[in-house]
Amino acid sequence: MDTILQVENLTKQYPGFQLDHVSFSIPKGAIMGLIGENGAGKSTTIHAILDLIKKDEGTVSFWGKNLSSDPCLKEDIGVVFDDINFYETLDPQKVGAISKTAYKKWDNHLYQYYLDRFSLPVNKEIKTFSKGMKTKLCIAVALSHKPKLLILDEATNGLDPVMRDDILDVFLEFVQEEDHSILISSHITTDLEKIADYITFIHKGNVIFCKPKDELRYSYGILRCKTEEYQKLDPADIIACRKEDYQWSVLVADKELARKKYKNAVIDNATIDDILLLYVKGELKNEKLNPKRFI
Numbered sequence: 004m005d006t007i008l009q010v011e012n013l014t015k016q017y018p019g020f021q022l023d024h025v026s027f028s029i030p031k032g033a034i035m036g037l038i039g040e041n042g043a044g045k046s047t048t049i050h051a052i053l054d055l056i057k058k059d060e061g062t063v064s065f066w067g068k069n070l071s072s073d074p075c076l077k078e079d080i081g082v083v084f085d086d087i088n089f090y091e092t093l094d095p096q097k098v099g100a101i102s103k104t105a106y107k108k109w110d111n112h113l114y115q116y117y118l119d120r121f122s123l124p125v126n127k128e129i130k131t132f133s134k135g136m137k138t139k140l141c142i143a144v145a146l147s148h149k150p151k152l153l154i155l156d157e158a159t160n161g162l163d164p165v166m167r168d169d170i171l172d173v174f175l176e177f178v179q180e181e182d183h184s185i186l187i188s189s190h191i192t193t194d195l196e197k198i199a200d201y202i203t204f205i206h207k208g209n210v211i212f213c214k215p216k217d218e219l220r221y222s223y224g225i226l227r228c229k230t231e232e233y234q235k236l237d238p239a240d241i242i243a244c245r246k247e248d249y250q251w252s253v254l255v256a257d258k259e260l261a262r263k264k265y266k267n268a269v270i271d272n273a274t275i276d277d278i279l280l281l282y283v284k285g286e287l288k289n290e291k292l293n294p295k296r297f298i
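According to this note's numbering, the sequence shown is numbered sequentially starting from 4.
The hints are simulated quantities; they were obtained by calculation from the structure and are not laboratory data. Every value quoted in this text rests on a predicted model; they were computed, and no experiment measured them. Please note that a few of the clues may not be correct.
[Unchecked claim] Mimicking DSS-like on lysine-lysine, the simulated pairs with C-alpha atoms at most 27 Å apart in a straight line are: (1) LYS137 x LYS151; (2) LYS68 x LYS31; (3) LYS130 x LYS216; (4) LYS284 x LYS214; (5) LYS31 x LYS214; (6) LYS266 x LYS246; (7) LYS134 x LYS149; (8) LYS229 x LYS258; (9) LYS149 x LYS137; (10) LYS97 x LYS77; (11) LYS68 x LYS58; (12) LYS235 x LYS207; (13) LYS235 x LYS246; (14) LYS197 x LYS235; (15) LYS214 x LYS263; (16) LYS149 x LYS127; (17) LYS97 x LYS31.
[As the list claims (entries may be wrong)] The following label-pair restraints were derived from C-beta to C-beta distances: (18) ASN111 x ALA239: 53 to 63 Å; (19) ARG262 x THR193: 55 to 65 Å; (20) ASP86 x HIS24: 24 to 34 Å.
We put the beta carbon where it would ideally sit given N, CA and C, even for glycine.
From just these sequences and the hints, can you work out the full model?
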């Protein structure tokens with residue numbers, strides 16, 4: 004199958020929060036970035052995908068199969084959470100010995116390679132590690148049982164910029180194998196701008212859009228104008244907008260078309276952060292007409 008992970012209508016209800024029919028898919032050889040503000044539902048989505056919490060509705064399939072009915076699929080899924088999952092009295096050498104018994108495809112030579120690459124001491128207890136070192140250990144373990152899919156929940160948290168860049172290179176190397184893919188949740192959108200092929204944006208438990216990253220980077224723009232000019236804009240061109248001190252910032256889906264149409268306006272390139280902020284803090288004009296418009 005060309006699709007590694009298929010999520011359809013994933014729903015989970017908590018008091019005061021609902022993950023509402025979340026759907027997206029990840030093809031082979033691709034990296035999907037999952038973005039959204041704190042509490043938007045990113046971690047809930049990942050936990051539901053991995054059957055760590057019970058879904059109220061929806062289906063999740065890996066390579067067309069269900070995780071709960073085929074536990075062997077776990078061999079092909081590497082998982083890294085924001086928190087470490089090992090007893091902190093262990094050291095990396097002992098973690099490797101335990102992991103060898105847990106995974107049929109465990110590669111100890113590969114594990115040692117990543118320990119060396121990440122400069123992790125093999126005989127030092129985990130409790131003495133910095134947060135960044137703990138994260139690197141979890142990534143080393145996840146990669147060393149040779150998964151085909153990595154699921155990473157804020158996995159680059161706590162890493163300094165240099166090490167984070169090195170880890171992103173490791174992720175890019177991983178998907179060079181065409182049957183490998185990654186789902187990565189991160190609030191560091193510059194990381195996703197470097198490595199992601201697709202971006203899924205969750206806001207208040209809803210998928211606002213799932214789009215190719217290049218469409219967001221190269222097509223979307225931020226139109227900036229005074230109130231008088233803003234009032235003359237075609238409402239159909241406005242995805243989201245926000246009134247600032249002396250001007251309006253308006254998110255448009257086609258910046259080149261907007262440049263031709265509004266020659267006196269300043270139209271800047273939009274970063275993923277820009278897009279996220281306007282969706283979260285701005286006014287969603289078109290979403291009022293159809294909440295699923297941007298999926």
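Which hints, by number, does the structure contradict?
-> 3, 12, 14, 17, 19
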